[in-house]
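Top line first, the protein sequences correspond to chains A and B.
Using my numbering, the letters of the first sequence correspond one by one to residues 15 to 424.
Using my numbering, the letters of the second sequence correspond one by one to residues 15 to 424.
Quick caveat, the hints were computed from the structure, so don't treat them as lab data.
Please note that a few of the clues may not be correct.
If several chains are the same, the list does not tell them apart, and a pair holds so long as it fits within one copy or across any two.
Result set (DSBU-like, lysine-lysine): computed pairs, CA atoms no more than 35 angstroms apart in a straight line [said to hold, decoys possible]:
| hint | residue 1 | residue 2 |
| --- | --- | --- |
| 1 | K249 | K349 |
| 2 | K209 | K105 |
| 3 | K96 | K209 |
2 protein chains.
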Amino acid sequence: MSEANGRPQGSLAGVRVLDLTQFEAGPSCTEVLAWLGAEVVKVENPNGGDPGRLTPGADADRASPYFLLFNANKKSITLNLKTPRGLEIAKEMASRADVFIENFAPGAIERLGLGYDVVHGLNPGIVYAQVKGFGEGSPYQNYLAFDMIAQACGGVMSITGDPAGPPVKPGATLGDTGTGMLLAISILAALFRRKDTGVGERLDVAMQDAMLHYIRVAFSVTERSGAPAPRAGAKLLSGGNAPCGIFPCAPGGANDFIYVYTSRANRAHWHRLLRVIGREELIGDPRYEEVAARVENEAEVDEMIANWTRQRDKNEAMRLMGEAGIPAGAVRDTKELREDPDFLRRGMMQVVDHPANGPFTMPGWPVRHDGETLPIEPAPLLGQHNTEVLEQWLGMNAAQVAALREEGVL
Amino acid sequence: MSEANGRPQGSLAGVRVLDLTQFEAGPSCTEVLAWLGAEVVKVENPNGGDPGRLTPGADADRASPYFLLFNANKKSITLNLKTPRGLEIAKEMASRADVFIENFAPGAIERLGLGYDVVHGLNPGIVYAQVKGFGEGSPYQNYLAFDMIAQACGGVMSITGDPAGPPVKPGATLGDTGTGMLLAISILAALFRRKDTGVGERLDVAMQDAMLHYIRVAFSVTERSGAPAPRAGAKLLSGGNAPCGIFPCAPGGANDFIYVYTSRANRAHWHRLLRVIGREELIGDPRYEEVAARVENEAEVDEMIANWTRQRDKNEAMRLMGEAGIPAGAVRDTKELREDPDFLRRGMMQVVDHPANGPFTMPGWPVRHDGETLPIEPAPLLGQHNTEVLEQWLGMNAAQVAALREEGVL
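Generate the whole structure from the sequences, applying the supplied hints.
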């Protein structure tokens, strides 16, 4: 990363992304392209913009925190795509873009007049990317989908939760951001190839299909058993290991727990654990020495660990176990993470000063480049970059932009 | 994608990846690079190789299904990095690679003599990438981590599960594959930049830090409330919407459920739902017409939906709701997904013929490129490509390779 003319120059400097996405699956994808230095121009309808702006926490003046989290470092222009002039401007911009991306409901982009054939016809070098709920050719291809629908249909819920209970919805938005990340990978590969060939590519991903990628350990279970992968509560889906689980800590709050694991691949973990919990006398005890024995006596094993963790704060327990070389992790909640000075110091959480919302704490891109976190710029106001973008991309002047605004095109 | 000389030419054709990763976080990252056409050479210790080969389902002749899932399309060479000659060969290969990647325990790569300073000194243009459990500078930087430790410490478990119950471990391996995908994005961006500049980059990501990226909706809740995001069971973390949840279907098996959602942004969803469940008479009824009223009467709303879903197979219920334009998704288990002819027909599941394991069904890369799924090649046998790679990368001949094998270097 370097700076030139006061603007950060990221890895993707010079790449232009025409971004017609909304909510999360598409915006999470284009946000990482923006963090990496691409110029991402978010095209929004003049009447409120991305509906993600209006999710809980929004008011007349401020976009929702949700919107701010998924749209940092982007530019926003308004464009009424249902007017002939608005559509024409979108096409002119598509002719000058490197990437076009959308995640409307099935069929909507074609109805707008910006389907693949049209855009590719205007710009054969474009990388044209789409997110849908279900794949083309799937029996569900015309169905609506949201994050949790993908997590249901894509197997994620079936392997989450207690063995005796119903399927559970994970809190992470794997259906949305999980899909967006996979599309970002394919876009970057297409841009890499295009640098030599000049040839564009059509990319499409379905949220249901993307879920399979994240549950492959569960497929390894089914490969072996021929049966559906079970719900295993806090344990491993593959079974056959102990101890591994979530143990209660003092003082007993909603997230006062610690995950403790011992790898099958390293028998030292169990011995280290016995030392930390003050049960050295059990080192070598045949009831617990081998993994198979510990699985047989799992209730006793778990109880001796819980007896120790219940008396300790989760962070203290993690420190003692971690220092001793035992894989263990305190369950952290979002308030603890947001306020953790470690994350702020390392730049994993940054405080961004948003012109309407004020100071706003948010996680940025977690991969460091040359030891540095990527800079975060606040999410744009609706139409904030109308003049700048139409001048730079299409050579318009301020009077032309003003006229478009009066005509209701912007 | 095109074919030349019978070999598929992917977007990353010509990119050489020296892959020292093991288990899942690293291998998931290098596998997608391989799917996209990079030449990924997996460097394994001659004594068993990647410990992921030995996870459940492995025997003397066959690697585990887990290994096959995360190592498709790669080449394998064996190299004893603890011999001087083995280390020397690794350095020679690093000099000729575009990407170097490892995910050993903290400090191990430096002890092996292949830390960033060494490799960058040999090859200033290299993209040097690392996955660790905790970030450099974190109080936990020397601690061991596995998928579930990252999901505990990174907030994912705190927002998964029933409001009245303990944190729940999601079944998806977000700590591993979720982290690997973010690193792949940064690697591709670095390769893109390097094409013009020739300059390499150092990339590192911590699994704990990566988790924050997938739970940003939960941070939006904390931003508004100042409190930890709750566990919300099957509901939205942000609350304030009904109906949304997991409903039971006939005949009542472990995964006979359907997720039903109605978007706040589209009031038509509720009316469509009333029609499908045969309660048209409630359209316009003030007890249910507005979202706020439905939230107030959520138990009644949920019961009227469950009365309908309980009498229907989940797939039939999904079909009726999906055709009517209601976001709804049957909970699918891994056996259903693996055997679904739709996934096989669309290439989202492919049957790969592995030389040792035989025919093996696995999901491939879910993003389609120009309408095609990327081809899957079976994961390599241990050391399968010793001769080929040492000849092509280092110009050795078969006799030299045989001598190295005799010396115990390979």
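Using 35 angstroms as the alpha carbon limit, work out where K209 and K105 are close: within a copy, between copies, both or neither. The answer is both: 22 angstroms in one copy and 29 angstroms across copies each meet 35 angstroms.
With identical chains treated as interchangeable, where does the CA-CA distance between K249 and K349 reach 35 angstroms or less: within a copy, between copies, both, or neither? both (26 angstroms within a copy, 20 angstroms between copies)
Under a CA distance limit of 35 angstroms, which applies to K96 and K209: within one copy, between copies, both, or neither? within (34 angstroms within a copy, 40 angstroms between copies)
The structure fails none of the hints (numbered hints given earlier).
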